[in-house]
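Engineer: Could you build the full structure based on these sequences and the hints that come with them?
Numbering of the sequence shown is given in full-length UniProt numbering, commencing with residue 1 and proceeding in unit increments.
Simulated from the structure, these hints should not be mistaken for lab results.
Warning: the hint list may mix true and false statements.
What the hints assert, rightly or not - Quick list of in silico lysine-lysine cross-link-like pairs, BS3-like style, CA-CA up to 30 Å:
{"no.": "1", "residue 1": "Lys249", "residue 2": "Lys365"}
{"no.": "2", "residue 1": "Lys278", "residue 2": "Lys67"}
{"no.": "3", "residue 1": "Lys590", "residue 2": "Lys534"}
{"no.": "4", "residue 1": "Lys404", "residue 2": "Lys373"}
{"no.": "5", "residue 1": "Lys249", "residue 2": "Lys313"}
{"no.": "6", "residue 1": "Lys600", "residue 2": "Lys530"}
{"no.": "7", "residue 1": "Lys587", "residue 2": "Lys515"}
{"no.": "8", "residue 1": "Lys215", "residue 2": "Lys139"}
{"no.": "9", "residue 1": "Lys278", "residue 2": "Lys366"}
{"no.": "10", "residue 1": "Lys215", "residue 2": "Lys240"}
{"no.": "11", "residue 1": "Lys366", "residue 2": "Lys376"}
{"no.": "12", "residue 1": "Lys172", "residue 2": "Lys67"}
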Amino acid sequence: MSVEAYKETLEFQAEVKQLLKLMIHSLYSNKEIFLRELVSNASDACDKLRFEALGNDDIYGGDSELKIHIEFDKEAKTLTISDNGIGMSREEIVDNIGTIANSGTKKYLDSLTGDQMKDSHMIGQFGVGFYSTFIVADKVTVKSRRAGQAADQAVLWESEGEGSYTLETIEKDARGTDIILHIREAEEEFLDSWRLKTIIHTYSDHISLPITMPKDPEPVSEDEETKDEVVVPENEVVNKASALWARAKSEIKDEEYHEFYKHIAHDFEAPMTWSHNKVEGSQAYTSLLYIPAKAPFDMYERDRKQGIKLYVKRVFIMDDTDHLMPQYLRFIRGVIDSDDLPLNVSREILQHNKVIDKIKSASVKKVLGLLEKMAKNDAEQYATFWKAFGNVMKEGPIEDFANKERIAKLFRFATTETGSAEQTVSLEEYIGRMKEGQEQIYYITSDSHVSAKNSPHLEVFKGKGLEVLLLSDRIDEWLVQHLMDFEGKSLQNIAKGDLDLGSFEDEEEKKAQEKAEGDLKGIVELMKEKLVDKTKEVRITHRLTDSPSCLVLDSNDMGMQMQQIMRAAGQDVPPSQPILEINPEHKLIKQLKDMADQEKFENWSHILFDQAMLAEGGQLEDPAAYVKRVNDMLNT
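Structural biologist: Structural data, given as structure tokens:
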């Protein structure tokens with residue numbers, strides 16, 4: 001007997017135990033979806049076998065008619081879902097059922113609190129709907145034999161869903177998986193032919209494989225002598241068993257599109273919208289692309305699941321978002337089915353394939369068109385989309401130069417005119433509101449919306465009625481490095497370089513600044529001397545109306561937000577010093593002019609610099625020294 005042949009009891013991983021509790025509490029009101037999840041998993045298993053068979057037809061073992069079968073036994077109170085797909089080895093069963101390998105799933109589970117624990121759409125995102133079986137079953141038995149393995153190497157998995165499971169090596173005549181649910185008391189509704197068929201029609205009609213069930217027996221008259229005969233039930237197909245995306249759009253109901261999305265995305269919530277297209281001509285392919293209603297929990301995880309399923313002539317090939325959709329659209333879910341690719345296509349072939357490149361380009365345009373239509377016709381829905389996916393969309397100009405302008409039109413921002421952190425203003429709207437003579441799109445970056453909207457740099461812009469974009473997402477620093485202009489208007493960071501307001505700065509203001517530079521020349525030079533280790537320059541400003549000072553970066557310097565992001569990531573930050581600008585009209589600056597005490601002057605100079613740093617959301621090198629200086633000033 002091999003080492004694996006004996007029966008053993010194993011503990012579920014901690015995250016699986018947590019997920020089992022979530023399943024029972026979250027999905028009880030919608031418990032029928034357990035069948036959808038099991039049918040979906042069976043369909044995936046058959047797809048995987050078909051893909052492996054492309055390189056090794058012998059793996060079918062003479063049984064190439066893939067199908068899913070469902071039957072029940074009222075006396076034994078069991079419901080069985082069987083498939084003749086790829087099956088699972090002992091190790092695969094432990095990995096797929098006993099463990100959650102995705103690190104993003106673990107983090108997400110740990111983050112759920114309160115009402116989130118009862119939110120069913122969150123559960124579906126994990127793609128682990130198998131555990132929903134324990135809502136209706138007090139015991140689940142799995143018998144599985146991996147394709148290519150001997151009959152005596154099959155595995156029996158069994159659990160009551162209470163923290164542990166048993167594994168045993170058994171014999172199984174055919175490859176594939178049987179899942180046997182031992183139905184709980186009061187859940188006998190799922191041991192009824194009509195009820196099961198209704199669930200399949202509702203949730204799984206789109207599955208392209210035949211789903212069979214025993215045909216309901218014909219009524220038998222009393223005079224027919226059938227008592228001693230063993231009746232073998234005849235099976236019938238209970239779903240449409242055709243690829244949904246291959247059907248005409250006019251034949252498909254919205255509910256069918258919804259359920260197909262839930263199947264491929266493992267989501268419990270209907271999609272926000274979708275695009276279904278059949279392309280003919282020099283290339284022939286069909287695409288069905290969905291935008292989810294909410295962001296996938298693992299959208300920022302490197303080991304996240306892929307979102308686009310690639311088929312060739314209705315044969316599943318692989319999950320592959322990388323070659324079919326750019327990273328900034330990685331939230332898109334769907335199917336692409338090509339008639340032109342070879343059935344033995346591999347990831348390596350996809351990397352240098354003109355057919356794939358053209359499909360990808362056309363699919364991106366379809367998605368962007370879908371978003372443009374939504375933005376134009378349903379502002380409320382688009383606001384929901386942007387809140388969920390805006391940060392990812394901002395990667396677009398960095399990755400997809402060819403569509404940069406089109407992507408930028410989809411962007412939404414908070415501004416000094418909106419009065420809230422909600423990002424609702426497009427660049428086109430901003431330009432439409434620009435004052436006559438304004439040639440630049442003004443913006444400021446910060447690590448939070450509050451910090452951005454309260455920045456001293458905005459004071460002169462508020463005074464002149466000039467709108468400023470408030471950029472506070474982590475991606476924004478990267479974005480503005482690649483999106484330097486829009487429709488002929490350059491983007492200008494108001495906290496970098498010399499501020500040139502052009503026609504919005506009148507002659508009197510220029511003369512006043514020149515006079516102040518002369519009057520405070522000595523103060524500026526002395527402050528620069530006292531702050532030589534902190535700043536490269538001190539100068540008079542016309543940016544400020546209320547604050548005494550602010551920090552400005554040279555045009556080519558890295559932004560403060562970017563510096564913080566890089567330091568947090570353990571990256572080296574190029575050495576640079578900011579420029580301190582002081583407001584000649586502020587009382588604190590005027591007091592410096594007559595201050596004879598050099599130590600006090602130095603303390604005030606440092607305080608003005610540190611306050612300006614704090615106002616920018618920056619971090620002080622020596623917070624304790626700042627506190628001491630402020631206390632000393634208050635005591636005088």
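Engineer: Confirm or reject each hint.
Structural biologist: A quick look at each hint next to the structure:
Taken as a hint, the Lys249 and Lys365 pair is honoured in the structure, with Cα atoms around 20 Å apart against an allowance of 30 Å. A C-alpha spacing of about 27 Å is found between Lys278 and Lys67, which places the hinted pair at or below 30 Å, so the restraint holds. Annotation: proposed proximity of Lys590 to Lys534 holds, straight-line Cα distance about 22 Å (limit 30 Å). A C-alpha spacing of about 18 Å is found between Lys404 and Lys373, which places the hinted pair at or below 30 Å, so the restraint holds.
Between Lys249 and Lys313 the alpha-carbon distance is near 18 Å, which keeps this suggested pair within the 30 Å criterion. For a cut-off of 30 Å, the pair hint linking Lys600 to Lys530 stands: about 11 Å separates their Cα positions. Between the alpha carbons of Lys587 and Lys515 the distance comes to roughly 17 Å, so the proposed pair stays at or under 30 Å and holds. Proposed proximity of Lys215 and Lys139 is supported: the alpha carbons are some 27 Å apart, at most 30 Å.
Of the pairs offered as hints, the one joining Lys278 and Lys366 holds, with about 12 Å between alpha carbons and a cut-off of 30 Å not exceeded. As the CA atoms of Lys215 and Lys240 are separated by approximately 16 Å, the hinted pair is consistent with the 30 Å bound. Between Lys366 and Lys376, the direct Cα distance comes to roughly 15 Å. Compliance with the 30 Å bound is thereby established for this hinted pair. Taking the CA atoms of Lys172 and Lys67, the gap is near 17 Å; set against the 30 Å cutoff, the hint holds.
No hint from the list above goes unmet by this structure.
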